[in-house]
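Asks: Go ahead and model the full structure; you've got the sequences and the hints to work with.
Note that the protein sequences, when read in sequence, are chains A and B. Per the working numbering, numbering of the first sequence is gapless, rising by one per residue and ending at 305. Per the working numbering, numbering of the second sequence is gapless, rising by one per residue and ending at 601.
No lab work stands behind these hints, which were simulated from the structure alone. A hint or two may mislead.
Unchecked claim - Label-pair distances were calculated between CB atoms; the ranges are:
no.	chain 1	residue 1	chain 2	residue 2	range
1	B	Leu587	A	Pro14	24 to 30 Å
2	A	Ser105	B	Leu339	21 to 27 Å
3	B	Pro515	A	Asp54	29 to 35 Å
4	A	Asp6	B	Ser319	29 to 35 Å
Since this is a predicted model, take the numbers as computed values, not measurements. All C-beta atoms in this analysis are idealised placements derived from N, C-alpha and C, irrespective of residue type, glycine included.
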Amino acid sequence: MDLVLDHATKFYGPVIGINNVSCRVAPGITGLLGANGAGKSTLIKLASGQLRPDQGRVLIGRRRAWSTAAKRHLGYSPDLDSFYEDMTGREFVYTMACLYGYPRSEARRRAEEALAEVGMRERASRRLAGCSHGMRQRIKLAQAFVHDPDVLLLDEPLSGIDPGGRREINELLRRFAARGKTILLSSHILVEVENLADSILMIARGRIVASGTLAEVRGLLEDRPLTVEIETGQARRLASLLAEVSDVRSVRIVDETLRVETRNPGRFFPLVGQLVLEHNLPLRRMQAVDAGIDAVFNYLERPGR
Amino acid sequence: MPIDNAHYHGWQGSLRSPWLATLALVRVALLQVLRRKLYWIVLALGLAQFFLYWSIIYAVTQLDPPPAARERMLEAFGFSAQPQPGRPSGYILFMERQSVVVMILLAFSGSVLVGSDFRLGSLPFYLSRRIDRRHYIAGKLLAIGAVVSLLTTVPALMLFIEYGMFTSSTDYWIDNWRLPVEVIAYGAVLAATLSVLLVTLSAYLQRLAPIAITWSSLFVLLPLLRSALVRETHNRYWNLIDPWRDMSLVGRLAFGDFDSPFERRLALWALAILSAISAAMLVALVRRVRSVDVVE
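Replies: This is the structure:
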């Protein structure tokens, strides 16, 4: 089942949340990437039917996202970390199943299955107040797919989870996607989703600035200009070598540190490695100074890049 | 367990209506109340009063005096099992006494049952289910209404049943069928008014201290102010600023007798005031729940 945003726009008073966004999220795992305040949560809230767009449409399959019929097919794990602290994980998931309209026995059975799925069955009798952040994330996931939804919306599901737990959740989501489910997973960390997502939606200032498969988006980023700082004992020599490289836009030496602007990071980094080895130059540090996600989005939303 | 082995399957039965699904909210709310020791202390006060009247009715009926003597004995304990022309029955008086306990319990409950949803931002958990804002509001109102009814209407009805049982005659129940109706009517007014007031106040104030202070001001200070104003001005319309008095008068409108036409007129005014306040509160509540996602 697809999630469709068709020219969706949402205002918060004078502030625009998302601006004329059109996209189709197909079965599989789609990563929704954006810096804080980019519009990720607004898009997720529109998709989960908590908000209605001021313009355009948001559809789950053929149904409006805020309709009761659409919510039957929707699982949602919000980014917030606040529950009824007195409840156990089991009670919480069971209550959420009841709110979908399942009779008690079916809700109980589904809660147990969902908890087993996230590896929380044995620990689900613990009060939520006593659960670690990772355990709470798993319980949030369990409540999101307790009703076996066709579309799963996960807002920052991997934040605060240790690498082992992250691997387990990744596997769980892949299995879920393999069953033909649609998963939209938001994050502000690129590497967090690139190992998991089949396709990527990048959002900045309320607009989709890039979308496509991971390879397509990576291709866009490879052409992105990047400033790299290199610390070497022979800054002038390396600078002269780099000045002859066509992908290098400028080279400056600041306090014995090379500051190189390249138009093609994809080719630049292997080339530096090659030069260093060929000329036997010391290399103490090499770091991209504007590789943060904000810089990536600034580049992607720049007109005529 | 691999997801394919987890026996997920399409639900073959029919899902319950979202309105019925809100009963889960009520269950959770009652559990929240019953889990806290502080609430049990307040509940114990309510239960103590109930058991006191239960014991009085039991003792008096077991002595088996003539009906008139039995009624006098009960009246000595501030209770009357018979309808009282122009006055509230013993069951209604019992409910009014329980209202003090209800007021204290609700002052502490608002933050836990409603305020925390807004303060911690838990609403998305609910609103992304098959329920929407209407169902959420209805669920919370029902939850508070259930707490109120469990402390007032239910024990009052149990006392009515007890009296009929121990006087070994069904005649009492048949002859006085209006008494339980009065109890239910007054209980409904209490539950409806208190739930709307508390849910709305809690949605806006959110934290325990401001809720408790505002709640106590409404239900303690206003009655004190009312009695002072009536005493000083001899204007009985000042009775209308007391929410307990208003709810009592409205409850009696169902079947209760009034000792004067003025009392009945006052009851109609009370009905108008409570309806207006409840409607305004409900509108404010809907606006509050609607605006929960709007950034400042």
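Asks: Hint by hint, note whether the structure agrees.
Replies: Tested hints:
no., hint, verdict
1, Leu587(B) <-> Pro14(A): 24 to 30 Å, "29 Å, holds"
2, Ser105(A) <-> Leu339(B): 21 to 27 Å, "23 Å, holds"
3, Pro515(B) <-> Asp54(A): 29 to 35 Å, "33 Å, holds"
4, Asp6(A) <-> Ser319(B): 29 to 35 Å, "31 Å, holds"
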